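This is what each chain is made of:
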Amino acid sequence: MTSAPASSRDTIDLPGLAGSLLERLRTERIRVHAITNAAAQTFTANLLLAAGGIPSLTVAPEEVPAFTSRSGALLVNLGTLDRDRREAIPQAIATARDHATPWVLDPVFVEASPPRLEFARSCLAGGPCVLRCNAGEFAALAGEDATPGSVQAFANSHATVVALTGAVDLITDGTRLIRIENGHPLMGYVTAMGCAGTALVAAFTALHDNPLEAAAAALLVTGIAGEIAARGANGPGTFQTTFLDALFNLSPATLVAHGKIS
Amino acid sequence: MTSAPASSRDTIDLPGLAGSLLERLRTERIRVHAITNAAAQTFTANLLLAAGGIPSLTVAPEEVPAFTSRSGALLVNLGTLDRDRREAIPQAIATARDHATPWVLDPVFVEASPPRLEFARSCLAGGPCVLRCNAGEFAALAGEDATPGSVQAFANSHATVVALTGAVDLITDGTRLIRIENGHPLMGYVTAMGCAGTALVAAFTALHDNPLEAAAAALLVTGIAGEIAARGANGPGTFQTTFLDALFNLSPATLVAHGKIS
Amino acid sequence: MTSAPASSRDTIDLPGLAGSLLERLRTERIRVHAITNAAAQTFTANLLLAAGGIPSLTVAPEEVPAFTSRSGALLVNLGTLDRDRREAIPQAIATARDHATPWVLDPVFVEASPPRLEFARSCLAGGPCVLRCNAGEFAALAGEDATPGSVQAFANSHATVVALTGAVDLITDGTRLIRIENGHPLMGYVTAMGCAGTALVAAFTALHDNPLEAAAAALLVTGIAGEIAARGANGPGTFQTTFLDALFNLSPATLVAHGKIS
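Chains as they are written, first to last, in the UniProt record's numbering: chain A, 1 to 262; chain B, 1 to 262; chain C, 1 to 262.
It is worth saying that the hints were derived from the structure and are not from the lab.
Just so you know, these numbers come straight off a predicted model, no measurement behind them.
Idealized CB from N, CA, C, for every residue including glycine.
One should not assume that every hint holds.
Some, not all, of what chain C presents toward chain B, calculated at C-beta under 10 Å [stated by the list, open to error]:
1. A38
2. R85
3. D98
4. P114
5. A192
Covered stretches of chain B, as calculated for chain C (at least 3 residues, CB under 8 Å) [unchecked claim]:
6. 36 to 42
7. 64 to 78
Pairwise CB distance ranges, derived in the manner of DEER restraints [what the hints assert, rightly or not]:
8. C:A94 - B:P185: 46 to 54 Å
9. A:A100 - B:T27: 51 to 59 Å
10. C:R179 - B:T27: 25 to 33 Å
11. C:A94 - A:H99: 42 to 50 Å
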């Protein structure tokens, strides 16, 4: 029975965990400081509010330490890497490390810009608890295509959780690997949907000390909210609004009923 | 009868004033220059447009004097205090003073960041006609908790109107005190709802030379628009859209019917 | 019959072209790099996504060459001309010229700010394939009021297409002149509607080598989407969402049925 703890972790009730974290976020109202790209700031704040959290968003280098140190988690998104953000991000990461605050890295479009790739690598060296990326971003960072094996190897060698998002989300800490098949194609037609979802990953890491499970729970929540939202939408415009409504109204029971996890 | 003017001002018909200012805003299309935080810019512009005003938003220090001098009012919001904004705000305030243009200060999250608090104090010294803040922001600025007495004392000593927003809004110029109980909890789940509402305060100060009454009228309008919007919303996503619709369609008669003022 | 080509170009089937470009955008998923103002970034990205394109938005000077060189078109919008944008825009334009990538200039509010006017003139000298502006912006740039004659003369002397938007859009390359009467008044109550529409102009210039026709086709698409969206909207809030839905669902047949072109 010495392997029982590991075994029970492998068969965690992810929808149950997700429901419990969502309810705790609504009552504990965790603060998340999000240094995110200009096109994502508003939707990220609205997603966090709809899920129960409290966002702050300043990218001013002078202010970032104070905001990070009062937050439960930090999100670092590299989508628009202007001067203030380039200066603020290392300070935010250093503050998060000093306070043992979990932080999450989202290296948006890192494949498109050599200076961004270099910057992302220095962020990675700072030890995010979760790296969220898509296949193109992973390939740029890892120097090889994303496969279950390469992603696990990368997570292992960088001592982080990789949450590789796509039609199927793949989340791994290098040992365990969770697949989530929830979500809806309309999510790809709303800017910053992925960026904003990563803010929920950050919020959940503040509430649950296993970042693999926290990340998977957050992706499950956003994927299921997307499925519910799509039923009431006529396109990507109304979908933005029904998505926030669905997240705001999401119940633990709905998570159990809809989760597609393997 | 010498006290009649004061007395009649004390019993001002606020819903009537609010309806009249809203109709004037729609026809006179007042320009408001808003130096506001990155997450609030879009919603602030959309709220001003829905109410009938014309927003401009640049934070470039070189451009702020020209934009301020052609506007009817200025909004200064400290929500994301990056380099451009730190440089632009004093120039905008100086321009507003030179042109006797009313301007409104919104010291967002000033309790969270010592450099922001210092910056907010220097802004306050520039003489805003209205300071809009919540209880936490007030406490940081005033060094004491917000009570009707402390807020009136602060308004008096700073020769400004304080519009303290919360479940009940409290607006005072140090002498008169107006309470407004309109609004809806969903307003707290949309980012920048308060920031954007302060832009309407600014617009109304351009149209009415009593800033206490202008501020109260603007908060009445946003609170009632929020109540109407909530009826047609399923959560904070649809609420954003029904709120702008409600503001766009709001009639003076509706303001009279819904106002909860004391 | 030597004049046949010119004549057939004069009687181009614009709704047919617009439908074909829209369908190609959805399948070829053209990348557009948009250096646009802070209030327009999110809506611009969402409009491009709804139309089928792939937006990128960074304004970091270090990154702009890499993003521009991988894009099919570039949009330069001067709406919030802060330090990063002032530095990034000339680099983006130079990159576009090096790669023969079409680019479009939108000199928002150029009449309001002398440094912006000077900056806009230096951009114009860089040779945009389309200049999109309204009557006030045109007058500031041209030094005379916008009339069909002055706009044609300006297009001629600057060797560009001018797309003058208003109740009636007027598009000219200095020789041919197209008028489009589609659109809806609610479009004026949504911030960045025009700015975002110009991103579609940019996307279409990547797909069609006649910028006059590309610009006219894009304005036809946004105008008709606006008309359809207005039917399902109660005001400018819901209109934002129904507009993106209408654009997402727009069919070539609808373009043919609704186009008001002369």
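Comparing the hints with the structure gives:
Interface hint at A38 (chain C): satisfied, since its Cβ lies 5 Å from the closest Cβ of chain B, which is below the 10 Å cut-off. At about 8 Å, the closest approach between the beta carbon of R85 (chain C) and any beta carbon in chain B falls short of 10 Å, and the interface hint on this residue holds. Below 10 Å, beta-carbon pairs count as interface contacts, and D98 (chain C) has none with chain B, the closest being about 27 Å; its hint is therefore violated. Hint on P114 (chain C) holds. Least Cβ distance to chain B is approximately 6 Å, under the 10 Å limit.
For A192 (chain C), the interface hint holds, since its Cβ comes within 10 Å of a Cβ in chain B; the closest pair sits about 7 Å apart. For the segment 36 to 42 of chain B, the stated coverage by chain C is satisfied: 3 residues place a CB nearer than 8 Å to a CB of that chain, which reaches the threshold of 3. Counting residues of the segment 64 to 78 of chain B whose CB lies closer than 8 Å to any CB of chain C gives 3, which reaches the minimum of 3, so the coverage claim holds. About 51 Å separates the C-beta atoms of A94 (chain C) and P185 (chain B), a value consistent with the hinted range of 46 to 54 Å.
The hinted range of 51 to 59 Å is satisfied by A100 (chain A) and T27 (chain B), whose Cβ atoms lie roughly 57 Å apart. Roughly 29 Å separates the CB atoms of R179 (chain C) and T27 (chain B), a value that falls within the hinted 25 to 33 Å. Checked against the hint of 42 to 50 Å, the C-beta distance between A94 (chain C) and H99 (chain A) comes to roughly 44 Å, which is consistent with it.
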